[in-house]
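*Asks:* Here is how the chains run, residue by residue.
Protein chains: 2
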Amino acid sequence: MKIDSPPFDRPLQLDDIRAAGERLAPWIHRTPVMTSKTLDERTGGSIFLKSENFQKVGAFKIRGAMNAMLQLGDAEKARGVVTHSSGNHGQALAQAGQWLGVPVTVVMPRTAPAIKRAATEGYGATVVPCEPTLEARESNVNRLIAEQGLTLIHPFDNWQVIAGQGTAAWELLDQAGPLDLVICPVGGGGLLAGTALTVKGRSPSTRVIGAEPKAADDAQRSLASGSIEPSHDPKTIADGLRTSLGEKPFSIIKENVDSIVTATEPEILEAMRFVWERFKMIIEPSCAVPVAPVYNRQLPVKGLRVGIIITGGNVDLEPLFAELAAKWL
Amino acid sequence: MKIDSPPFDRPLQLDDIRAAGERLAPWIHRTPVMTSKTLDERTGGSIFLKSENFQKVGAFKIRGAMNAMLQLGDAEKARGVVTHSSGNHGQALAQAGQWLGVPVTVVMPRTAPAIKRAATEGYGATVVPCEPTLEARESNVNRLIAEQGLTLIHPFDNWQVIAGQGTAAWELLDQAGPLDLVICPVGGGGLLAGTALTVKGRSPSTRVIGAEPKAADDAQRSLASGSIEPSHDPKTIADGLRTSLGEKPFSIIKENVDSIVTATEPEILEAMRFVWERFKMIIEPSCAVPVAPVYNRQLPVKGLRVGIIITGGNVDLEPLFAELAAKWL
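Chains as they are written, first to last, in my numbering: chain A, 349 to 677; chain B, 349 to 677.
A hint or two may mislead.
For chains that are exact copies, the list does not tell them apart, and a pair is met inside one copy or across any two.
Claimed, not checked - Derived lysine to any residue pairs resembling SDA-like cross-links, with alpha carbons at most 25 Å apart:
hint, residue 1, residue 2
1, Lys675, Thr481
2, Lys675, Arg621
3, Lys562, Pro480
4, Lys675, Asp664
5, Lys583, Leu665
6, Lys385, Trp624
7, Lys583, Glu666
8, Lys602, Gln568
9, Lys675, Asp565
10, Lys675, Asp581
11, Lys675, Thr610
12, Lys650, Glu615
13, Lys385, Ile463
14, Lys562, Ala673
15, Lys425, Thr481
16, Lys385, Arg371
17, Lys675, Glu625
18, Lys675, Glu613
19, Lys675, Arg465
20, Lys562, Arg427
21, Lys602, Pro359
22, Lys385, Arg653
23, Lys562, Trp676
24, Lys385, Trp447
What the hints contain is simulated information worked out from the structure, not anything from laboratory work. Computed from a predicted model, the values in this text were never measured in an experiment.
Starting from the given sequences, assemble the full structure and let the hints guide the process.
*Replies:* Below is the structure:
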């Protein structure tokens, strides 16, 4: 019987991602890879969308959350876990906790949409509202750790979370075959770090590119300077990518990622609409960020086989359906 | 060399649908069957969505249009074809014509959305606008037939179109395995007729149910009375189902369909939103009509294996993206 999860004091390795994939297989979907003749003809490349919008809880975040949760010791599981997130990681951790019977507490800004709080509570988690500042968030998490002995499962600055996120790219390589290029969004960097480690480990000649909103270009600036250069309260529709890079992901990204591209807000919306209309898939604005430079041909992909990680499909549909109801009911 | 397509003077048979499937295979997608644990838990059944929203041109209509087009004689192909449709059938016929080099003319009401006209023209068809009345539509079609020798490919009152539409249910049975119940929407009746013939032919004990908007319940009334009872200018968000039953589809439907269920406008919107949110798929309002009675548990499916034909995903996303642009750009 494990009492506590082992310290993770060596660099993350490809085998950690392989092991995460085997650990996660019984719990999550092997999501489909979608293609579009229209997109291929427009770009001259072969574009493969690894569609994690069809994943459990509607986003890849269940991979990292569940991989971390599955490696807790029994004492840690009994005491429970805590995280801070107003988005998909909170819901993913809540779902993982519900599956394993582990109490989950999510610290969430009071300003988070009611629908996100309800979704997180719907998976059985306890939501602790806090002021919408970094300080309030951290002090609440630290207080809960001190008072209740909870284990922090950080949304991206956690090796097991990074290993879990890398399993999406692992599947993509198995499903799509050899790729010349893999692009994925970068916010805190967990997905990009896991993706880069996986792709460079299995196919060293494949380029790995991160994509982020122009309005939150901290990864591009950080990769250029060699140290983390945070964005401060960036305004972008890509709500999953407002976060700045974490230390652990950055240590992997700076060694394994070829470059970072950015997309403006109009480009993000245009690419999102294209995917909705042509792929008939609901994707979050954050997923449109890596699609944009391919769709608008700023990133040349002619003759290339290109994988893009589509991260999630959790969008607030209320405005659209309110309008339809007003028109038809 | 065929000069003209043969007259179709015998009842449509299961083998016609099998042949249509083989004829269509090189041209169309074998669309996926999607499932949702949430929907299964909510209903107590196993629900399989045959997702023709992922089909070429975004709808099952390419099956019937292409099946009819592939059986034209060379002289008919050279003269070209005509249809009347402001929706998916017009786009589907235009695509089929583009593939085969057959000129396509689509008579469309002047009131049709510009986006639909543009989409049809985008596949190379000629759009002939007419007044938005049945008389204007028919007189324009008849004039084009008389003047240019065009062949009419009716959206649903055509045996080869019906045979083509039946191939979706054929694939569904292959993909999902034995089913207790198959539900599909009914407007003009081409899809329901093809589906019923396929399902009853291959699995006589499987029930086949048509679903239509309560506001356009002509199929329910027609099945009850035994003769076609049209709806007059029905108001429903399910724009694909405003049409009343055609003679040829009805001749099959009255022999092979077990019953017709209806959905109110709020029920249609509720089911459509559920599919968007949980399946992350964009479906048209018409597709939500057969989902509604299952989702809201008016049609008991506990313990049953249920197939639903999801007909298409062509939705005008402009209102949603206009709002997003206003908020973020």
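*Asks:* Each hint should be assessed against the structure and marked as holding or not.
*Replies:* Status of each hint after checking the structure:
Proximity of lysine 675 and threonine 481 under a CA criterion of 25 Å is satisfied inter-copy only: 23 Å between copies versus 39 Å inside one chain copy. In the homo-oligomer, the alpha carbons of lysine 675 and arginine 621 lie at most 25 Å apart both inside one protomer (22 Å) and across protomers (15 Å), since each shortest distance falls under that limit. Taking the closest pair of Cα atoms, lysine 562 and proline 480 come within 25 Å of each other only inside a single copy of the chain (23 Å); across copies the shortest separation is 47 Å, beyond that limit. For the identical chains of this complex, lysine 675 and aspartate 664 are neighbours both inside a copy (19 Å) and across copies (14 Å), given an alpha-carbon limit of 25 Å.
For the identical chains of this complex, lysine 583 and leucine 665 are neighbours both inside a copy (20 Å) and across copies (24 Å), given an alpha-carbon limit of 25 Å. For the homomeric pair lysine 385 and tryptophan 624, the shortest alpha-carbon distances inside one copy (15 Å) and between copies (23 Å) are both at most 25 Å. Taking identical chains as interchangeable, the C-alpha atoms of lysine 583 and glutamate 666 lie at most 25 Å apart whether they share a chain (21 Å) or sit on different chains (23 Å). For the identical chains of this complex, lysine 602 and glutamine 568 are intra-copy neighbours only, at 10 Å inside a copy versus 65 Å across copies, given an alpha-carbon limit of 25 Å.
For the homomeric pair lysine 675 and aspartate 565, the shortest alpha-carbon distance between copies (21 Å) is at most 25 Å, but the shortest distance inside one copy (40 Å) is not. For a Cα distance limit of 25 Å, the shortest separation of lysine 675 from aspartate 581 across copies, 17 Å, qualifies, whereas the shortest one inside one copy, 37 Å, does not. For a Cα distance limit of 25 Å, the shortest separation of lysine 675 from threonine 610 across copies, 20 Å, qualifies, whereas the shortest one inside one copy, 38 Å, does not. Taking the shortest Cα distances, lysine 650 and glutamate 615 sit within 25 Å of each other inside one copy (20 Å), while across copies they are farther apart (46 Å).
Within a single copy, lysine 385 and isoleucine 463 get their C-alpha atoms only as close as 36 Å, which misses the 25 Å cut-off; across copies the closest is 21 Å, which meets it. When the C-alpha separation of lysine 562 and alanine 673 is checked against a cutoff of 25 Å, the pair qualifies only between copies, where the shortest distance is 16 Å, while the shortest distance within a copy is 35 Å. Taking CA atoms no more than 25 Å apart as the test, lysine 425 paired with threonine 481 passes in neither setting, with 28 Å inside one copy and 68 Å between copies. Only between protomers do lysine 385 and arginine 371 lie at most 25 Å apart by alpha-carbon distance; the minimum there is 21 Å, versus 35 Å within a single protomer.
For the homomeric pair lysine 675 and glutamate 625, the shortest alpha-carbon distances inside one copy (22 Å) and between copies (20 Å) are both at most 25 Å. For a Cα distance limit of 25 Å, the shortest separation of lysine 675 from glutamate 613 across copies, 11 Å, qualifies, whereas the shortest one inside one copy, 29 Å, does not. In the homo-oligomer, the alpha carbons of lysine 675 and arginine 465 lie at most 25 Å apart only across protomers (23 Å), although the nearest pairing inside one protomer, at 29 Å, exceeds that limit. Taking the shortest alpha-carbon separations for lysine 562 and arginine 427, neither the intra-copy value of 41 Å nor the inter-copy value of 53 Å comes in at or below 25 Å.
Taking identical chains as interchangeable, the C-alpha atoms of lysine 602 and proline 359 lie at most 25 Å apart only when both belong to the same chain, with a minimum of 14 Å there against 69 Å between chains. Within a single copy, lysine 385 and arginine 653 get their C-alpha atoms as close as 13 Å, which meets the 25 Å cut-off; across copies the closest is 33 Å, which misses it. Taking the shortest Cα distances, lysine 562 and tryptophan 676 sit within 25 Å of each other only across copies (13 Å), while inside one copy they are farther apart (39 Å). Taking the shortest alpha-carbon separations for lysine 385 and tryptophan 447, only the inter-copy value of 14 Å comes in at or below 25 Å, while the best intra-copy value is 39 Å.
Consistency note: the structure conflicts with the earlier hints numbered 15, 20.
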